[in-house]
Amino acid sequence: MTQPRPLLLVLLFVLGGCATPTELDIAKQAHEVMRASFKETGQATLDRLNQDLAQSACSIPPSTSVNKEIAATIEKENMASIRYPADGKLLGDWKSGERIAQSGVGKQFSDDPKNASGGNCYACHQMSKQEISFGTIGPSLLGFGKLRGNSEAIQRYTYGKIWNAQAYSACSNMPRFGHNGILTEAQIKDLTALLLDPASPVNQ
Amino acid sequence: MTVFRTLAIAGLLLGYAAVTSAQSAVDEIAKYRQQLQDGNPADLWEARGEDVWKQKRGPKGVSLERCDLGLGPGVVTGAYAQLPRYFSDADRVMDLETRLVHCMVTLQGMSLADATKRPFGSGTNRSDFEALAAWITAESRGTKMNVSISHPKEAQAYRLGEKMFYFRGGPHDFACATCHGESGKRIRLQDLPNLTEKAGAQLGYTTWPAYRVSQGELRTFQWRLYDCFRQQRFPELKFTSEASIALTTFLAYNANGAAFNAPAIKR
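Quick note, the sequences are listed as chains W and B, same order.
Note that the numbering used here has the first sequence beginning at 52, numbered continuously upward.
Note that the numbering used here has the second sequence beginning at 2, numbered continuously upward.
Treat the hints as calculated values from the structure; they're not laboratory data.
Please note that a few of the clues may not be correct.
[As the list claims (entries may be wrong)] Straight line, CA to CA, 27 Å or less: simulated DSSO-like cross-link-like pairs of lysine-lysine:
#  : chain 1 : residue 1 : chain 2 : residue 2
1  : W       : Lys180    : W       : Lys146
2  : B       : Lys186    : W       : Lys180
3  : B       : Lys118    : W       : Lys90
4  : B       : Lys239    : W       : Lys165
5  : B       : Lys239    : W       : Lys79
6  : W       : Lys180    : B       : Lys32
7  : W       : Lys79     : B       : Lys154
8  : W       : Lys197    : W       : Lys146
9  : B       : Lys199    : B       : Lys32
10 : B       : Lys239    : W       : Lys90
11 : B       : Lys199    : B       : Lys154
12 : W       : Lys180    : W       : Lys197
13 : B       : Lys32     : B       : Lys186
14 : B       : Lys154    : W       : Lys90
15 : B       : Lys186    : W       : Lys197
[Said to hold, decoys possible] Covered by chain B, per the in silico footprint, the following chain W stretches (three or more residues, Cβ under 8 Å):
#  : stretch
16 : 78-84
17 : 108-115
Bear in mind that the values here come from a model prediction, so they are computed numbers and not experimental data.
We put the CB at the ideal spot given by N, CA and C, even for glycine.
Whole structure, please, built from the sequences with the hints as guidance.
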């Protein structure tokens with residue numbers, strides 16, 4: 052999380068069109084009230100309330116209604132943040148990926164930061180036929196690799212999307228797992244394999 | 002309580018075993034929720050809450066029976082359906098729990114620290130707020146939600162609450178709206194009310210407090226916000242904080258017109 056940048060707020064106001072100074076005042080006031088209303092506990096520090104451009108610009112109803120220029124800036128900034136593995140290998144172990152997709156722990160003030168975080172993919176996505184307990188906030192990913200193949204371009208897209216979903220779709224609801232340090236490079240490789248490996252339950 | 006919970010969970014597991022598709026799982030869970038309605042252990046919290054209300058407590062040795070929840074000193078029936086509201090004696094907007102703290106301090110003479118030492122209960126460490134909220138909210142069951150934002154401070158709380166509802170932050174970029182901004186969505190198999198629309202806000206707001214089967218505890222609306230923010234990966238929401246009151250004002254006002262229907266029972 053970066054520090055709040057007042058210039059960005061001005062930029063948002065100029066580009067936002069529909070925002071009025073009053074709206075901005077309320078947003079600033081809401082932020083101050085929130086800073087006073089939360090306390091740091093465990094790994095959940097107060098700087099989690101500092102927003103980057105994607106977070107502040109997407110804090111509107113509905114978040115996808117963000118101005119086109121701002122959306123383009125968000126996508127460009129986030130695309131530049133993606134770090135591909137130095138060894139060039141994007142596919143890990145889909146079995147490990149399945150465990151990561153099932154696990155919802157990590158980053159909560161109640162979680163031990165020593166334990167690895169999960170991706171909690173099933174909370175929002177259908178992914179395999181055998182797991183019937185899936186959410187619907189995101190699209191179904193059933194047959195993800197079967198439909199798209201396993202080319203290097205698809206591998207890079209899949210890895211990049213998990214690393215930073217807002218590089219491809221500004222204001223996406225999906226967490227930026229690599230960008231925000233939720234998952235490690237090895238975990239994102241495992242999830243990429245879960246989505247693309249022909250033997251994975253996703254592609255049965 | 003433990004037996005009740007074990008039976009309920011066993012029932013849910015049996016339901017799982019019998020199903021073959023996501024749709025039938027959803028149907029089974031709807032059935033499970035229906036069956037839960039037959040006996041709500043919230044009764045136990047309600048009974049204790051009435052006792053706590055009437056007990057002489059604190060340094061001044063008086064009960065809460067002169068506490069003004071907005072409809073006059075001691076008037077409990079229907080009061081929750083008009084909360085949060087502006088209180089001129091405190092010159093601020095208060096939700097139920099904040100008002101109870103105010104009464105514990107001003108009427109009973111408790112220190113703020115003593116009054117707020119146990120917002121949420123756990124097993125034998127019981128919370129007076131959960132008991133009081135169970136009883137007081139039950140006294141509004143069937144009453145139409147009628148929250149005002151006509152006072153400038155109420156209007157301000159509503160506007161701040163609305164901003165906070167859409168505020169994205171933390172390592173996961175989550176806002177309240179991430180999960181509660183669209184209709185017909187679920188997390189895993191849990192249906193999510195769309196709190197940005199009348200019907201969803203009414204359904205969501207009027208069914209808290211609730212007895213949570215999975216926890217064996219009765220939980221208040223303050224707890225609901227606290228635990229949503231935990232899952233949003235935010236820092237810890239302070240009990241009766243200004244943000245909690247603002248969000249509650251936003252959500253309660255959006256539920257106006259619906260009959261209040263809690264304490265409820267949830268998985």
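Going down the list of hints, with the structure as the test:
1. Taking the CA atoms of lysine 180 of chain W and lysine 146 of chain W, the gap is about 15 Å. The hint holds against a cut of 27 Å.
2. For the suggested pair lysine 186 of chain B and lysine 180 of chain W, the alpha carbons sit about 19 Å apart, so the restraint of at most 27 Å is met.
3. About 16 Å separates the Cα atoms of lysine 118 of chain B and lysine 90 of chain W, which keeps this hinted pair within 27 Å; it holds.
4. This hinted pair checks out: lysine 239 of chain B and lysine 165 of chain W have alpha carbons roughly 25 Å apart, not beyond 27 Å.
5. Between lysine 239 of chain B and lysine 79 of chain W, the direct Cα distance comes to roughly 20 Å. Compliance with the 27 Å bound is thereby established for this hinted pair.
6. Restraint check for lysine 180 of chain W and lysine 32 of chain B: the C-alpha separation of about 23 Å stays at or below 27 Å, so the hint holds.
7. Of the supplied pair hints, the one linking lysine 79 of chain W and lysine 154 of chain B holds, its CA atoms being roughly 17 Å apart against a limit of 27 Å.
8. Simply put, lysine 197 of chain W and lysine 146 of chain W have alpha-carbon atoms about 17 Å apart, close enough for the 27 Å limit, and the pair holds.
9. The straight-line distance between the Cα atoms of lysine 199 of chain B and lysine 32 of chain B is roughly 25 Å, inside the 27 Å bound, and the hint therefore holds.
10. As the CA atoms of lysine 239 of chain B and lysine 90 of chain W are separated by approximately 7 Å, the hinted pair is consistent with the 27 Å bound.
11. Between lysine 199 of chain B and lysine 154 of chain B the CA atoms are separated by roughly 23 Å; this keeps the pair inside 27 Å, and the hint holds.
12. A hinted pair counts as satisfied when its Cα atoms are at most 27 Å apart, and lysine 180 of chain W with lysine 197 of chain W qualifies at roughly 14 Å.
13. Between lysine 32 of chain B and lysine 186 of chain B the CA atoms are separated by roughly 19 Å; this keeps the pair inside 27 Å, and the hint holds.
14. Between lysine 154 of chain B and lysine 90 of chain W, the direct Cα distance comes to roughly 24 Å. Compliance with the 27 Å bound is thereby established for this hinted pair.
15. Proposed proximity of lysine 186 of chain B and lysine 197 of chain W is supported: the alpha carbons are some 26 Å apart, at most 27 Å.
16. Only when three residues or more bring their CB closer than 8 Å to a CB of chain B does the claim for the stretch 78-84 of chain W stand; here the count is 5, and the claim holds.
17. Given a C-beta distance limit of less than 8 Å, the hint that chain B covers the stretch 108-115 of chain W holds, as 6 residues qualify and 3 suffice.
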